[in-house]
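In case you want the letters, here they are:
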Amino acid sequence: MLPYLIRRLASALISILLAAILVFAALLAIPGDPAEIILGLNASPGAAAALREQLGLNVPPVPRFLNWLGGAIRGDFGDSLNYRRPVSELLAGRLQVSIPLALGAMLIACLIALPLGTVAALRQGTWLDPVIVSFAQVGAAIPSFWLGLMFILLFSVELGWLPAGGYVPWERSPVSAIRSLILPALALGLGQAAVITRMTRASMLDVQRQDYVRTASAKGLPRRRVVLVHTLRNAMVTIVTIIGLSMAQLLVGAIVIEQVFSLPGLGRLALTAIGARDFPLLQAEVLLYASAIVALSFSVDVLYAFLDPRIRYS
Amino acid sequence: MARFPATSGFRSGLSWRISALFRPFRGRVNLALGAVLIGTVVLSALLSFVWLPYDPNVIDFGARLAPPSAEHWLGTDHFGRDLLSRLMVGARATLYVGLIAVGIALGLGGLIGAASGYIGGVLDELLMRVADVLYAFPPILLAILLAAIYRPGTLTAMVAIGIATIPVFARLMRSSVLTLKERDFVEAGRALGASGGRVLWRHILPSALSPILVQASLSLAIAILAEAALSFLGLGTPPRVPSWGNMLREAQSFMALSPYPAMAPGLAIVVTVLGWSLLGDGLRDALDPQSRR
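One line per chain: the protein sequences are A and B, in this order. Note that this note's numbering numbers the first sequence so that position 91 is 91, with each residue one more than the last. Note that this note's numbering numbers the second sequence so that position 149 is 149, with each residue one more than the last.
Just to be clear, a hint being listed does not mean it is correct.
As the list claims (entries may be wrong) - Residues from chain B that face chain A, not an exhaustive set, calculated with beta carbons under 10 Å:
| id | residue |
| --- | --- |
| 1 | Asn57 |
| 2 | Gly107 |
| 3 | Leu127 |
| 4 | Val130 |
| 5 | Leu142 |
| 6 | Leu205 |
| 7 | Ser210 |
| 8 | Ile212 |
| 9 | Gly245 |
| 10 | Arg249 |
| 11 | Met255 |
| 12 | Leu274 |
It should be emphasised that the hints constitute simulated quantities derived from the structure, not laboratory data. In this text the structure is predicted, and so the values were computed from the model without any measurement. For glycine and all other residues, C-beta sits at the position ideal for the given N, C-alpha and C.
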């Protein structure tokens with residue numbers, strides 16, 4: 001187990017390093033002088049020189065990259081050009097919106113998908129299975145941002161139950177904060193629920209066909225026990241994997257949902273950074289997302305090895 | 001399932017031929033439904049080149065935010081532009097971006113996967129590592145990066161979706177090549193002195209095609225969702241060209257006044273995405289009976 005863990009960790013770290021190189025190289029690919037592009041053509045030569053100095057553009061690329069990477073490891077991404085504050089401070093503030101949104105969406109998705117997928121698999125051959133499968137197929141085709149718009153139309157414009165957008169910070173009113181996150185989390189979670197439902201059903205069906213499940217039924221164990229102990233528990237190994245990978249989808253999906261509901265999360269921060277050409281902020285954000293995705297797939301692999309004692313990696 | 005129905009002898013020539021035409025769809029609801037949905041979208045995109053109910057960009061303030069009526073079947077937007085006409089023109093942008101993006105992914109991913117699987121060794125290790133890293137950059141993330149460097153637009157959206165989809169095709173092609181290159185008919189080709197390129201092109205590729213076709217259809221569904229999201233964010237098709245994503249972007253501000261401009265493009269996206277994913281599932285069932293569940 002330990003050698004596998006170390007090897008998997010090393011490969012995750014290499015992936016993050018390669019991602020960092022890619023993100024950094026993107027800035028080098030800018031046609032022309034970045035300082036002039038950021039400031040516009042009318043910038044005074046003095047201002048451009050100062051910005052070049054701040055961005056470290058006078059230093060050759062390789063030492064500049066090492067310098068940036070060294071800072072990034074310590075959590076120091078420099079100052080945002082637009083907000084004139086440390087990037088890390090900005091990111092930390094925005095995480096208070098993005099993390100609860102993604103977790104809330106995940107919770108909703110699991111609460112819907114795990115029972116539905118299990119029921120569909122157990123009731124294969126009845127009318128219930130195709131109905132659930134069809135719902136999942138259609139659900140996966142609905143763009144979450146459009147679902148968000150429809151929720152605003154129904155729950156905010158027509159019924160007036162929940163706010164159509166905006167955000168109240170946790171420290172001012174936790175109830176209002178939750179209220180402003182319900183619709184976005186629902187819109188984000190339902191699409192993912194469709195995906196997880198299909199996967200749960202497929203992995204349950206897979207396990208049901210295994211010999212040990214047949215043996216358990218044949219020796220006369222009650223169906224409840226066969227389902228809960230033999231089938232579901234083994235199917236959970238695959239389902240956990242799917243949930244981990246779904247989390248990565250949710251993080252990225254949140255970028256669009258934040259825009260729909262005007263939530264001040266990481267996604268909106270990135271979108272304003274594009275317009276402002278705020279490269280230090282953008283680089284940090286893109287690297288943060290990519291690292292989160294790598295970290296999630298690493299944890300999923302490790303969890304998988306822990307959950308399934310049959311898997312032993314040499 | 002009998003290959004030749006017993007009743008075939010009693011059928012007239014024409015009805016036999018018509019039923020033969022639909023035979024691939026028999027018992028394959030997914031494939032048929034997917035083909036109908038995609039057919040509708042493709043036809044309306046093609047039709048938009050020769051006929052439209054209205055000019056999609058003509059502004060008519062007298063008919064702002066009108067509900068569906070005999071004149072405007074789907075209603076009008078906040079400039080009084082006909083929604084059906086804009087939806088039909090929008091289908092072009094959606095299909096165009098989706099097809100080119102998946103084309104990029106299929107071409108480059110296929111090439112990478114084939115080289116990786118066929119040559120193996122250090123090259124395989126290296127290319128698969130690159131594919132792993134690309135997994136960490138979903139389309140929206142790549143589009144954000146590209147939009148900041150260049151200008152956000154159709155091209156950056158296409159390239160971002162295309163590059164992000166490369167690993168899917170690279171892995172698929174690699175695993176096909178790995179299993180196929182040990183098979184006897186490939187071995188025979190090599191023994192007869194065929195070059196590596198020829199073996200790949202003439203012997204391996206035709207056999208690897210059906211899973212790739214299935215994946216292309218499923219990837220189109222994802223690409224179209226991504227295109228719509230990017231246009232909605234203002235990182236895709238530019239505002240002056242109607243696309244479903246940017247129609248939704250514009251509609252959001254006027255939702256309280258009229259829900260129709262926000263409903264129609266969304267339903268169009270659902271129909272198209274559902275169409276490609278049903279088509280992909282149906283193709284998989286048709287091409288590989290073992291996968292049917």
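Per-residue hint verdict: Leu142/B, partner chain A, C-beta under 10 Å: Result: holds, 9 Å to nearest chain A Cβ.
Per-residue hint verdict: Gly107/B, partner chain A, C-beta under 10 Å: This hint is violated: Gly107/B lies away from chain A, its Cβ roughly 21 Å from the closest one there, beyond 10 Å.
Closest C-beta approach of Ile212/B to chain A relative to 10 Å, hint status: Cβ of Ile212/B sits 21 Å from chain A, so the hint is violated.
Minimum beta-carbon distance criterion (10 Å), Leu127/B to chain A: With a closest approach of 13 Å, the Leu127/B hint is violated.
Proposed interface contact between Val130/B and chain A, which counts if any beta carbon pair is under 10 Å: 8 Å, holds
Cut-off 10 Å, beta-carbon criterion: hint that Gly245/B touches chain A: Holds, because the Cβ-Cβ distance from Gly245/B to chain A comes to roughly 9 Å (cut-off 10 Å).
Arg249/B as chain A interface residue, shortest Cβ-Cβ below 10 Å: 9 Å, holds
Satisfaction of the Asn57/B interface hint, Cβ to chain A closer than 10 Å: 23 Å, violated
Satisfaction of the Leu205/B interface hint, Cβ to chain A closer than 10 Å: 29 Å, violated
Chain A contact restraint on Leu274/B - CB to CB distance below 10 Å: 4 Å, holds
Chain A contact restraint on Ser210/B - CB to CB distance below 10 Å: Not OK, violated: Ser210/B not within 10 Å of chain A, min 20 Å.
Hinted contact Met255/B with chain A - closest CB pair below 10 Å: Check passed: Cβ of Met255/B comes within 6 Å of chain A, closer than 10 Å.
Hint compliance for this structure: hints 1, 2, 3, 6, 7 and 8 are broken, all remaining hints hold.
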